[in-house]
Amino acid sequence: MKTPTDLHADVAEVLVSEEAIQARVRELGQRISDDYRGRNLTLVSVLKGSLPFMADLMRAIDVPVRIDLMEVSSYGGTATESSGLVRILKDLSASIAGEDVLLVEDIIDTGLTLNYLIRYLRGKNPASLRICTLLDKPARRLVEIPVDYTGFTIEDRFVVGYGLDFGELYRNLRFVGVLRPEVYSGGS
Amino acid sequence: MTDSRPVGAEPPQSPLPDPEAPPPIREPGSEPPAFAHASEAELSRILDFYAVRWEYEPHVFPILWNTDGDVLESFAPDFYLPDLDLYVELTTLRQKLVRKKNRKLRRLRELYPDIRIKLFYARDFRALMLKYGRFALAEELSGTPGQVTPDRSYEELVAGRLGSLDEVPATVTPTGPDGGAVIEAGAVQPALTRRRRRRRATVARRPAAPEAAATDR
Numbered sequence: 001m002k003t004p005t006d007l008h009a010d011v012a013e014v015l016v017s018e019e020a021i022q023a024r025v026r027e028l029g030q031r032i033s034d035d036y037r038g039r040n041l042t043l044v045s046v047l048k049g050s051l052p053f054m055a056d057l058m059r060a061i062d063v064p065v066r067i068d069l070m071e072v073s074s075y076g077g078t079a080t081e082s083s084g085l086v087r088i089l090k091d092l093s094a095s096i097a098g099e100d101v102l103l104v105e106d107i108i109d110t111g112l113t114l115n116y117l118i119r120y121l122r123g124k125n126p127a128s129l130r131i132c133t134l135l136d137k138p139a140r141r142l143v144e145i146p147v148d149y150t151g152f153t154i155e156d157r158f159v160v161g162y163g164l165d166f167g168e169l170y171r172n173l174r175f176v177g178v179l180r181p182e183v184y185s186g187g188s
Numbered sequence: 001m002t003d004s005r006p007v008g009a010e011p012p013q014s015p016l017p018d019p020e021a022p023p024p025i026r027e028p029g030s031e032p033p034a035f036a037h038a039s040e041a042e043l044s045r046i047l048d049f050y051a052v053r054w055e056y057e058p059h060v061f062p063i064l065w066n067t068d069g070d071v072l073e074s075f076a077p078d079f080y081l082p083d084l085d086l087y088v089e090l091t092t093l094r095q096k097l098v099r100k101k102n103r104k105l106r107r108l109r110e111l112y113p114d115i116r117i118k119l120f121y122a123r124d125f126r127a128l129m130l131k132y133g134r135f136a137l138a139e140e141l142s143g144t145p146g147q148v149t150p151d152r153s154y155e156e157l158v159a160g161r162l163g164s165l166d167e168v169p170a171t172v173t174p175t176g177p178d179g180g181a182v183i184e185a186g187a188v189q190p191a192l193t194r195r196r197r198r199r200r201a202t203v204a205r206r207p208a209a210p211e212a213a214a215t216d217r
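Just so you know, the sequences run in chain order A and B.
1 is the number of the first residue of the first sequence in the working numbering; add one for each residue after it.
1 is the number of the first residue of the second sequence in the working numbering; add one for each residue after it.
So here's chain B without its partners, still in its complex pose (with noise of 0.2 Å):
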């Protein structure tokens, strides 16, 4: 690559974080959020190793509404770098539902053009871990086994087992032995996970111009 500036000249600033820059924004020691996947925990995991301060899923992004305005779909990415201004969404599910979050991906990018987010599928994880030599890691954190089974929702826990809502059975515990569902006969109304209940709770940003779309990045 061609570097005409002089010696002595520091480079052009990427938003690195400040070396004063704050300690990170979980203390250490403090009790970390409830991840949905195992593969979050240990990004979340690396950044701290790494002295990256992280949120996690701090902000929802409506991303579909109906005519009345109310929000049919949002996206909510697993973390927000501060310091790099950087949204990452981890994706190690099957290639169905990495279609769905990459339709989603590409709409909130041309409704939120400004934000700038890094989408980590299977393979990246993978990669991520055989280059920290953690092998055995890398299966067990990627698809349907690396699911932290207590914080999936009813709709995914059914729809994971059976998958279709069609097919909903009466109750659905999420304490098997298996740390899977277990379906038995009764009917009790599905609870909001915590995740589920923080997401609705998180102040949603609305785009500044929904209809200046960009093209996808």
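One chain only, chain A, in its complex shape (with noise of 0.2 Å):
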């Protein structure tokens, strides 16, 4: 994959703009400080993707958290790897053992990777565990898991921005785009 030179040039077409981000995530704030009041609340954002979301989500949360981050490796076997299991690249560095939890996502499709990570975290003993997202893309969904915060239901689209990655790029506009075929059906 090449480097781009002009970010916005590759994206087809905005599909969530800055501001109704902006907008949706303080609702979400809001919702989830009139939720969690007086509890104990850790938001476990889930790197590298939902970092844009979690930074601007725990600001516009008025009661005190707690934030962890978490990494884990995603799928990316060859033909020729027989087996390979998800591993935790960044562990929580700290007990979330009777503490009410919010896994911050930036996106949920086939809902593989959050189904392990939901199985990992209830396995620590947090008092409540509870999802939030910023995207749902629901035409995808594998695994079925009840998501509590949603930022925005989206179609099926291949899309980056505010976090989302193509190739690790991408993840800086300030907006969800839909990125233009081209720039990925040569990649390898």
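Incorrect hints may have been included.
Partner residues are not named here, just some residues of chain B that face chain A (Cβ under 7 Å, in silico) [to be verified]:
1) 49
2) 75
3) 133
Covered by chain B, according to a simulated footprint, are these stretches of chain A (three or more residues, beta-carbon under 8 Å) [to be verified]:
4) 65-76
5) 112-125
Calculated from the structure, these hints are not laboratory results.
The beta-carbon is built from N, C-alpha and C at its ideal position, and this holds for glycine as well.
Reconstruct the complex from the two isolated chains, following the hints.
Next up, the structure:
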């Protein structure tokens, strides 16, 4: 994949504008604040895609929160690889036992990663575990998981921006956009 | 979305696997099943990666009978995910065959309204490969090039090569230098593929009430 010279030029369409994202994040922050008032809330962000969302969301929440970060390996096996398991690349830095945990995701599509994370986090005995995602792409869902806070439900398109990448790029776009197909059709 | 549940109350439980669930059905290091298509092998690796247990074509569902009650047509979804109670069917074939599969799927849902099945089309699979950065594989595994030739049935081979069983050649040997069929002169009776033998050996589930058809979901 070639490094693009103009990120914006590779975007065919802005799916969710910066203004819409910020307005929705404020709404979510208010709802979460109301729901968790008087409780011990820990926001767990899943790197790297949810970083911008996490940064904005935590500042839209007006109750005390702890934050923690996790990173898990993504599937990228080759046809010659016979096995492999998802790995925790970065684990939580503090115990969540007895805490109310809100898992913050950038996007949920197949639900495979989230399914794994939920199982993993439940094993750490939080008082509660809920899910917050900026984007939900239900058309791709393989594992049905109840989502408690959803920013936007989007159609089945490949999106980048506001943390979401293609080949580790485009994360710094301030909106969520649809990449031009020719950008990835010839990639390797 | 609205959420009126009190904080601290667990959300409704989806059929998620138990953290103490037993290990995957296929033991690590054991030989994987003979997949009919490379995309199925790739999906099995993805499921293994995310520790989702799966079975390959474990159930055959009869979907058409003659007046004597003999099964004329069956449907065996590619994967069953026992912890999610979900069947997954991959369709990376050309449109004509997709239509045929869609018809079988509608029939399946009418006859067995309680089963949950997810159909993955070629575009879904390409999107999955794109998500995981497997750009080249998206094309490699889609459609005819993804077929694992040695496991294809005689009929499928002939249909794929000639388009019609009316043009069945005398002999079809599934070991051509290009991975396709080699057509020769002579007369050899085709043997069942491993996949077909396994399907025939599988105990079929009968629908509880075939006439209780549900609408297409």
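So, going through the hints one by one against the coordinates:
Because the closest C-beta pair between residue 49 of chain B and chain A is about 5 Å apart, less than 7 Å, the hint holds. With 7 Å as the threshold, the beta carbon of residue 75 of chain B stays out of range of chain A, its nearest partner Cβ sitting at about 20 Å, so the hint is violated. Contact between residue 133 of chain B and chain A, as hinted, is supported at the beta carbon level, the nearest pair being about 6 Å apart and thus within 7 Å. Figure legend: the segment 65-76 of chain A, annotated as covered by chain B; annotation consistent (3 residues with Cβ-Cβ distances under 8 Å, at least 3 required).
Evaluation of the coverage hint for the segment 112-125 of chain A: fulfilled, as 9 residues show C-beta separations to chain B shorter than 8 Å, against a requirement of three.
Violated hint: 2 only; the structure is consistent with all others.
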